[in-house]
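Novice: Sequence:
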Amino acid sequence: MPRSSRIAPAVRPAPRTASSLRPPVRWRSSPWSTRVITSRESTVEPVPDIPLFPLGTVLFPGTLLPLHIFEPRYRLLVQRSLERKAPFGVVLIRSGQEVGGHAEPHAVGTEARIVGLSPIADGRSYIVARGERRFAIESVVTDAEPYLVGRVRYLDEQDGPDAAARVAEALDALGAYLLGVVAVTDGSHGERSLSDELKD
1170 MPRSSRIAPA VRPAPRTASS LRPPVRWRSS PWSTRVITSR ESTVEPVPDI
1220 PLFPLGTVLF PGTLLPLHIF EPRYRLLVQR SLERKAPFGV VLIRSGQEVG
1270 GHAEPHAVGT EARIVGLSPI ADGRSYIVAR GERRFAIESV VTDAEPYLVG
1320 RVRYLDEQDG PDAAARVAEA LDALGAYLLG VVAVTDGSHG ERSLSDELKD
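Residue numbers (my numbering): 1170 to 1369.
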């Protein structure tokens, strides 16, 4: 049975932003294709227990975060997030390591949804995550999955009337741009071409 602990030590870490991650997220099309995931595809009601991705950076609501996914546990996290169209949580590391070790997260994080995916043939991938709602971590489950799982409480923060609709358009465009940059600047696969979605 999973053990649950309050925010404290022994929290498993996560890899860094867009240049430290590793294992197997492959998209339905060719593993070399770059895909933009629309807001409609990624919309799903969040759950109170969400996977946690501790990082050395903060994700704010309404902003985009490009990540290079290479660690096996975070490949699994991303794969499940895509399959279930479900969010995960990005939390700033309070102490510990971001890659390959244990990390203790701060008590407040941001729900993230994957809005862009660019798989690589060796199993790594680049994703673009969009920050949504902030949450407070009530407790952390440390042994249910290879990655941390947080029992969270979403913070009640009001947005303006049409802020979400206008920001969504800008974020979709920016997500496509970021994936385009990743696709043409990945040194190990410089010949990768952009998909038709990004060329339009």
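One or more hints might be untrue.
[Unchecked claim] Taking lysine to any residue and the SDA-like style, the derived pairs with C-alpha atoms no more than 25 Å apart in a straight line are:
hint: 1; residue 1: K1254; residue 2: F1229
hint: 2; residue 1: K1254; residue 2: A1290
hint: 3; residue 1: K1254; residue 2: G1349
hint: 4; residue 1: K1254; residue 2: Y1346
hint: 5; residue 1: K1254; residue 2: R1320
hint: 6; residue 1: K1254; residue 2: L1233
hint: 7; residue 1: K1254; residue 2: L1343
hint: 8; residue 1: K1254; residue 2: E1307
hint: 9; residue 1: K1254; residue 2: A1339
hint: 10; residue 1: K1254; residue 2: A1305
hint: 11; residue 1: K1254; residue 2: V1310
hint: 12; residue 1: K1254; residue 2: E1326
hint: 13; residue 1: K1254; residue 2: S1264
[What the hints assert, rightly or not] Derived Cβ-Cβ restraints for the label pairs, each shown as a range:
hint: 14; residue 1: V1227; residue 2: D1325; range: 16 to 22 Å
hint: 15; residue 1: E1252; residue 2: E1326; range: 15 to 21 Å
hint: 16; residue 1: A1337; residue 2: A1305; range: 33 to 39 Å
hint: 17; residue 1: A1334; residue 2: H1271; range: 38 to 44 Å
hint: 18; residue 1: H1271; residue 2: R1335; range: 36 to 42 Å
hint: 19; residue 1: D1291; residue 2: A1337; range: 16 to 22 Å
Hints in this document: simulated from the structure, not taken from any laboratory.
Beta carbons are placed, not taken as given, at the ideal position from N, Cα and C, and that holds for glycine.
Novice: Confirm or reject each hint.
Specialist: Each hint tested on the structure:
1. K1254 - F1229: At roughly 20 Å apart (the allowed maximum being 25 Å), F1229 and K1254 satisfy the hint.
2. K1254 - A1290: holds (23 Å)
3. K1254 - G1349: Given that 25 Å is the threshold and the Cα spacing comes to 22 Å, the pair holds.
4. K1254 - Y1346: holds (22 Å)
5. K1254 - R1320: Roughly 19 Å separates the two Cα atoms, so the pair holds.
6. K1254 - L1233: Holds, at about 17 Å.
7. K1254 - L1343: Measuring from Cα to Cα gives roughly 20 Å; hence the hint holds.
8. K1254 - E1307: holds (23 Å)
9. K1254 - A1339: holds (21 Å)
10. K1254 - A1305: Since the Cα atoms of K1254 and A1305 sit roughly 22 Å apart, the hinted pair holds (cutoff 25 Å).
11. K1254 - V1310: With a Cα-Cα distance of about 21 Å, the restraint between K1254 and V1310 holds, given a limit of 25 Å.
12. K1254 - E1326: holds (23 Å)
13. K1254 - S1264: violated (30 Å)
14. V1227 - D1325: 16 to 22 Å: holds (20 Å)
15. E1252 - E1326: 15 to 21 Å: violated (29 Å)
16. A1337 - A1305: 33 to 39 Å: For A1305 against A1337, whose Cβ atoms are near 25 Å apart, the range 33 to 39 Å is violated.
17. A1334 - H1271: 38 to 44 Å: Distance hint for A1334, H1271 holds at roughly 41 Å.
18. H1271 - R1335: 36 to 42 Å: Between H1271 and R1335, where Cβ atoms are some 41 Å apart, the hint holds.
19. D1291 - A1337: 16 to 22 Å: At 33 Å between Cβs, range violated.
Hint check: violations occur at hints 13, 15, 16, 19; the rest are consistent with the structure.
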